[in-house]
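J.: Assembly of the complex is requested from the two constituent chains, each provided in isolation within its own frame, with the hints serving as guidance.
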Amino acid sequence: MSPHASAAANSASPGAGAPGPMLPVLRPGQIDIMIPTFNESSHIEETVRNALTVGPVYVLDSLSTDGTQEIARRAGATVVEHPFENYSRQKNWGLDNLPFEGEWVFILDADERITPGLREEVLSVAVRGPETVGFFVNRVVIFMGREIRHGGLYPSWNLRFFRRGRCRYEDRAVHEHMMAEGPTDYLRDEMLHIRRESISEYIKKHIRYADLESEEWVKRKLGQDAGAKARHLFRDLLRYRQWLRREVWPVTPMRPVLRFVYMYLARLGFLDGRAGVHLGLLMASYEYMISLLYKDKLGAIREGRVKPPGA
Amino acid sequence: MSEQAPNPALSAPASPAPASPRVSVLVLTKDEGANICQCLEGLLADGFSDDIVVLDSYSTDKTVELARRYPNVRVQQRAFDTEYVQRNFGLHEIEYENPWVYICDADERVPPELKREIALAVTAGLPSDGPERPVAYRLRYRNIFLGRWIKRSSGYPVWVIRLVQPAKVRYEVRATNVHPIVDGAVGSLREHFVHYSFNAGLRRWFEKHNFYSDREAYEAVQVRKGGWPRLASLRSRDPIVRRRTFKNMSFFLRWRALWRFLYGYVMQRGFMDGSAGFHYCAMISMYEYWIELKIAEQERSWRGRNEQKVRALLGETEAHARMSSGTPMSAEVGS
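Protein chains in written order, with the numbering used here: chain A, 1 to 311; chain B, 312 to 646.
Chain B on its own, in the form it takes in the complex (with noise of 0.2 angstroms):
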């Protein structure tokens, strides 16, 4: 499946012994090109790394030859299959210089102080949950949408494992979402990443979620032809189950689109983030839109209807191009 990159000399760490203390970092890609050069950039500033592994799906773009510039980068490409899959080896397949690794997307960058504190947290060890030293961190990131930190209406803060001991941490499938499950203690880092979110161009984001609304709407018409969900759910013990319920329950809104709006701009206080938040939440509620508009266009076959109207108001043509077709049509007109 897997194919090592045909450059040996760049596996070997080619740098001098570390002066700090370092990780090393696992960048997941698809057609990353716009972003990764800046990406490996910043992780390999400031001694932060000296062993990147790029796992790549097969990019189209100039993805892998870009990565491949860099000292101290390793580029590896597995088709991609499903994300958990893909995580895991990462995780483990992979043999990694440092026993500490860290997780970054191409569009996300590490600023100086979340350096300084990963150094501490992978030498000295920083507090966990419980008595034992963690094994794995969470941390906070800052959504960056058009020069600006859109902290309410991007639902901050979100916490998400990041800085791992790869051997500990494994992820799984949980109703569609994937999750990290850790065998250890985690603690917490105080510092946060940084995520543009629309760094390759909001042409991309448009695509995506154009894509993503044509699955939601698939899924929507499954569980609208089920009936309302059963309202006990709601109260089960299981949050993922509860999440679950309640968005199958969004499924049966009218307006979508004008509801996520409101949420986002008002209840959210997606106003307090300026024009960047009101588009932000406008962008999201466009997406509504379309999922909306997916959903109608298979419950009420815009297409089917399309047709039959179509063959009604031609019926008669093709009927008399039936009843002529024995005549050539010039020597009909021409006598």
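Next comes chain A alone, as it looks inside the complex (with noise of 0.2 angstroms):
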């Protein structure tokens, strides 16, 4: 009872004009880890273990419904819910109402271990006390028992480990993006992420994906997107990617073929095995999947089967 009682407490306290906005204690070189999780009872035991070693555990939960709260506090963590409205918010919002302690956060997804060579490296970091405000976490996928190294997937770039207070999410829905205030570095150690799903949900997850993505697909394609025209894309270069994306990729032909070429030839994944052949068949299907879906559902609108969305 006690972290919902003090993290109320927390998010009552900014707005009345304290300057710092809640720094009740402050642990140098301690590191406090924040893992968000939504029903991840397979994984968050071994999470919240692998993450103390490191420093205190909390675990910012999204309602679970399959018993991740109890499991974490049994493993001991610190466990806080809070209702999710998307990923960026989920994490500021635990970012500024946790009760953190230590001059440093790591945020972990539940998937994901901290390797013994990360720890060594993030602990010293932590201790010598840098400029730096935030550090890029490399990431490597273990799937089919392998290290997957190429393929794209490698090397997996994020920031997860910075100053207590300095960085913070990007507001928006998806692909959120972190900013620091000041100079940014990157370890040396990586952590790994598990692939631990079947097959069957691998593909369950793809096909839920891939009629999202088609769903948009149509849209644009029926010109109820306006915020994706190129002119206004251009206007900065980031967005350069965003309408590659966007308007060539869908349009491209043979888009399956291509991911794959693209993933085990291009990005060496013949290096990873079988593994690799496999992460990319899976992706050239996923591709496909899209095209299917995104044709099959245009047919039906023009052939009046199905009402156009948001008419």
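Just so you know, these hints were derived from the structure itself, not from any lab.
Among the hints, erroneous ones may be present.
Unchecked claim - Straight-line C-alpha distance at most 30 angstroms; calculated DSBU-like pairs for lysine-lysine: (1) B:519 with B:341; (2) A:91 with A:221; (3) B:479 with A:205; (4) A:295 with B:620; (5) A:204 with B:373.
As the structure is a computational prediction, the values presented were derived from the model and not from experiment.
T.: And the structure:
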């Protein structure tokens, strides 16, 4: 119960005009770990134990229904529940309201683990206390019993380790980005990203994403997404990739084949052995499902079998 | 088990006496909200049927609610146990207004020509295999995908028994396939019904085939444990045993997805069905790939190996955790 109480107390304090939001205690060199969760009962015990080797662990749970909270508490974490809105808001809420005491924060997902090397590295950085306010951490996928080091899935850098209060997520619904108030750097060691789901669950997830993605394509095709005009996107160079992804990629022929060639040959996926082949083929079938769903939905709308979205 | 629809008004024929001979229709449903309205409207049109029974396996969508809006449509719900029991229940435990019942799926349509032929069949009777008048009729269907009849890649023609006198037909299971057993002569219809296998949206197709490939892979792993099937069974008299053996042999094949594609697209001449034929073959071969992948997942125990790998990479962390568990972290680094 106490975590709820303290979280509530903290969330009430800002707005009173206090200069630093709420820093009742600051333990120099300490790292607090925040783990955002939703229904992670298959992972959370191991994740918490793993994270406890670095510092105190706070599980920020989006009202799980599978008992994640209880498992996490038993494993030694402080659990605070907060209803989910989107990834960036949820994590920012945690950064503002969890009763952190350390000078540093590490954000770890439930399916990630901190390797021994990374643990040594973050602990020594925290003690040394450099000017740097945030560090990017590299991540390697573990799939089919292998470390996946190619196929475009590696390296994967994310700003996860930072001075408390100096980094926040940009407020956007998806593809959230961390913003740092000061210099950033890269850590040498990496964390693990464990793909524990079965192939069946993996495909189920792909079907769901492909359905959502094709829905977006249909909307764009029917001209309902006025915000995505190329002229608009070219205003800054950062959006160039977005333009490629949104406007060019969907109308590229043979996308499934291209995706496979890109992952397996161009990005050397073949060096990951069998796992590389299958990751490439699974992504190709994901691309293929998007195309088919798109074609089918558009056809159904044009034949009048289905109403267009928003009509 | 079953439960009568709480709307008795619909169970009595509301329309005036039929001008032309009519048939009753049995529609088996489960979550067919996307299809059911068009299906029922088609069956009620042209005075084809005045008595439709929707036997629903407790849909979780609006199927039942939608079906109850139509006149001359009765809805019954029954928990689905197995396909053949459900089908037998539909034929034998439900009273029909007409001596003939046409069996239909929600994603099928009956074109006017077929309606006329059925009307003829149930009154005058059409020729059958033997000397007696038929008690059931078989017919063919057209598979439509992406707006086109995919004739070659869907293995046309496939004959199915759909127009029956309910008391003369019952379903049996033989080697996982459900077969209708007819007590009497069977006739053939010339016209086709139309099957929109993808009408509920492709997402549904992908989800179903993700599920089917789980089952296929499970079965394949069992078969592969038993070793290569006896080749003699290929010459068995029973076509079902032959098919079964052939299928079991296919579980030992590598590159299933590729072979399946070549079979459908080249040997069955799917390329003649245009781009719809290509996509149909490619989808089936993607499904075969999923099966192959799931077989490998089990036989090579990927998940177990994943855990081993993670333990190996983290081993020291856990050991260190035990070593340093006596000292609070903050005291250790804060001094």
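J.: For the pair we were handed, residue 295 of chain A and residue 620 of chain B, check the Cα-Cα distance against 30 angstroms.
T.: Distance ~41 angstroms between residue 295 of chain A and residue 620 of chain B Cα, so the pair is violated.
J.: Checking one constraint from the list: CA of residue 519 of chain B to CA of residue 341 of chain B, max 30 angstroms. Satisfied?
T.: 13 angstroms, holds
J.: Straight-line Cα separation of residue 479 of chain B and residue 205 of chain A no greater than 30 angstroms?
T.: With a Cα-Cα distance of about 46 angstroms, the restraint between residue 479 of chain B and residue 205 of chain A is violated, given a limit of 30 angstroms.
J.: Does residue 221 of chain A lie within 30 angstroms of residue 91 of chain A when you go C-alpha to C-alpha?
T.: 34 angstroms, violated
J.: Does the alpha-carbon distance linking residue 204 of chain A and residue 373 of chain B stay inside the 30 angstroms limit?
T.: 23 angstroms, holds
Hint compliance for this structure: hints 2, 3 and 4 are not met, and every other hint is.
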